[in-house]
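Based on the provided sequences and hints, a complete structural model is requested.
2 protein chains.
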Amino acid sequence: MENNTIQTLINEKKYFEIRKYLNDLNTIEVSELLNQFESSELIMIFRLLSKNRAADVFSYLDTEHQEMIINTMTDVETKNIFDELYFDDIVDIIEEMPSNVVKKILKNTDAKDRHTINQLLKYPDNSAGSIMTTEYMDLKKDMTVSQAISKIRSTVENMENVYTCYVIDEVRKLEGVISLKELITSENDTPIQNLMNKNIINVHANDDQENVAEIIKKYNLIVLPVTDDENRLLGIITVDDIMDVVEQEATEDFHKMAGISPVEESYLKTSAFTMARQRISWLIVLMISATFTGRIIKSYEDVLQSVVILSSFIPMLMDTGGNAGAQSSTIVVRALALGEVNPKDAFKILKKEFSISLIVAVVLAAINYLRLIILTKTPLNVALTVSVTLIFVVMISKIIGAFLPVVAKTFKMDPAIMAGPLITTILDALTLTIYFRFATMFLSNMIK
Amino acid sequence: MENNTIQTLINEKKYFEIRKYLNDLNTIEVSELLNQFESSELIMIFRLLSKNRAADVFSYLDTEHQEMIINTMTDVETKNIFDELYFDDIVDIIEEMPSNVVKKILKNTDAKDRHTINQLLKYPDNSAGSIMTTEYMDLKKDMTVSQAISKIRSTVENMENVYTCYVIDEVRKLEGVISLKELITSENDTPIQNLMNKNIINVHANDDQENVAEIIKKYNLIVLPVTDDENRLLGIITVDDIMDVVEQEATEDFHKMAGISPVEESYLKTSAFTMARQRISWLIVLMISATFTGRIIKSYEDVLQSVVILSSFIPMLMDTGGNAGAQSSTIVVRALALGEVNPKDAFKILKKEFSISLIVAVVLAAINYLRLIILTKTPLNVALTVSVTLIFVVMISKIIGAFLPVVAKTFKMDPAIMAGPLITTILDALTLTIYFRFATMFLSNMIK
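For the protein sequence lines, the chains are A and P, in the order given.
Numbering-wise, the first sequence is residues 1 to 448 according to the UniProt record's numbering.
Numbering-wise, the second sequence is residues 1 to 448 according to the UniProt record's numbering.
In case anyone wonders, no lab produced these hints; they're calculated from the structure.
Hints may contain errors.
Same chains, same label: a pair holds when it works inside one copy or across any pair of copies.
As the list claims (entries may be wrong) - Using 25 Å as the maximum straight-line C-alpha spacing, the simulated DSS-like pairs for lysine-lysine come out as follows:
1) K409 <-> K269
2) K269 <-> K344
3) K181 <-> K140
4) K218 <-> K51
5) K141 <-> K181
Since we're looking at a predicted model, the values are computed, not measured.
Printed below as a string of structure tokens:
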């Protein structure tokens, strides 16, 4: 719709109208619109944006569209845009660009900014340092409220967040926090050291972003300061960046639990080949380990040939065991990720899963037994074998399913890889072993 | 640690020291500490908190601890606490409490507040109205900047967020938004209608919270206004509440994908019986549908008895098909949840999954074929049957796995229930059918 309107305007070369049309949209809407255009039209529309709007819109464009724009812009235009951007956005852009584009960007930034950018690029992936921005509002403790407010007024333009101000000493050590809300409601000549909160919650630049997300959630923060080993203020992380982290971490867990290596790009942008590679390694591992299950069946060939009906229950037992285990492992993986439980609770978890699995197992086995003897002509002793197997399979599956993620966490491994396909494969082998053991025990008279 | 310190102080009745100790902790830390105490000690420590701190701490306590406190408090004390709380927190508390406690709370609130609370309680679960708060900063458009700032100064105490102010007309219709940042950097006598942004992003009180989360993420907002059918301002939703929504929605998807009905409480707090109930319904459905798979095996009994080795490949084929399908369904469910794809992209998704599955299937089948003829003494034609089956199984699993969630979304159903156990059960039946069809085709000379 929007696309059509503007396409018509472009065809009719009504630049003034286009500009007017763009003015009525907000930044995000303009960038979504631009993302639908290619090369020459993209550049044409982009050039119609006002100078300080251009930078804002630019930061929300797709990587490929950003690259097209930088490639066709003059040095002066490039500088104009990058001067307006926040450092965390510049770093995000640089990390995605090919080296010739990175060179062009760095060539058109001041020496001081280039230094900051290089510093930020050095922080490890997914660390607090890598997602922080350096545009924060800093004050000195001997300032009065009115001095503080006038400093805020004069520098507000370049700041990502001015509502939380940080009080630092001469060597930039963090001494306190004060909100703009407190400043505007206090007397003009009060020194801010009397007002500031010294009980500061902060993170270290090398802390993992998952950690940062936990703290922001726990304390309901909008912004969190990042410091170095000497408690010097390096930057701030705002809650909107953490929102992305929370979703990213959840996505990673979803993918790991389905046996997929982490995918950075979005679905439609990742090539089929890359996606195939991300999925195939686990499938190969699991395919090969599933052959052990096959070996178990093979080693009970004589039992199966004597009581052929036994093989028809294999899928039901394997599926039910797998599903029961997947339920427990999913619940525990998620509870661990949300911090609802931790490895110290191992015993409580086992006790709880034992009770749950007992209830579930007995109900399932009873339903199964009744169904087999009422609805099908399954011999009584076979129905009994299958149902008793079901009890053990469900209980063991649930307990192992809940336990493995806790073990993983204890050894600082990712609990998520202990769920899903891996657990199903382990449980398949266990299920069959239990099944055939009971079969040889209970049905010895039927086995030749 | 903290627990011990304070326990010693309690035992020694050093109330002054306890109070000093509590003063050094922040609100969240105090509530975490209190959550570890029971009844009488809990009340004793709670009473040592200053009046306005008590309310803050109270809002972060566990439901059971909140209940204990309300039950022992006098009416005046109850009123003191609930006067200080934000409406969204009061509503959350009321929703969790038994009716006698709710009565006590409502008895001790002003008629006007009680009206607001009752209004908020009426919004459907998970709607924007149910998570919004009514403490926002509203201004009139004919105010000047200095009038606006002095209104903010005088009412700041009761507001959840003063950094975004809403401009409303006489009948409370939303006319514009202005940030405190803009106010403090503008001239004192400018009318705010010249400064306010009229391009407002808002949600309706009946909108789903998932929708709210999407808008907040898309536009990087800290706070979002909620309006009614006539565009009258009803409340605001702040980003920290949305963070919980995002996690809650992800947890729901995790659980649904593992065949678990939604769990409201955290893992350790839910009883084993409730948890068993949440897990058993899907297990019963899946157990019964898995017997269809058993029927398929049974109907090919003659094939299996002629070529017994065929049964040993069943687990591998079923697992690989299930895993391949789970990968695709997980990827697509998550991409749908994040808004990376939508049902309109169905054709693109199918095309992509076709390419991915072709690569994956051929590689897996080749590895499997080589492994069978080199490492085991599997007859060539059996190895071929298994490997060709594998190609078809992996391709069909991936395509169905990706397609079902998209179909669900098209029909406004939840894509997440189309992943996990359900898809595995469907694919099991398909896998076996394909397998036995190929077996009868390729191995006709071996079948008696």
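Here is what the structure says about each hint:
Only between protomers do K409 and K269 lie at most 25 Å apart by alpha-carbon distance; the minimum there is 21 Å, versus 33 Å within a single protomer. In the homo-oligomer, the alpha carbons of K269 and K344 lie at most 25 Å apart only across protomers (16 Å), although the nearest pairing inside one protomer, at 41 Å, exceeds that limit. Proximity of K181 and K140 under a CA criterion of 25 Å is satisfied in both settings, with 17 Å inside one chain copy and 20 Å between copies. For a Cα distance limit of 25 Å, the shortest separation of K218 from K51 across copies, 23 Å, qualifies, whereas the shortest one inside one copy, 39 Å, does not.
Taking CA atoms no more than 25 Å apart as the test, K141 paired with K181 passes in both settings, with 17 Å inside one copy and 22 Å between copies.
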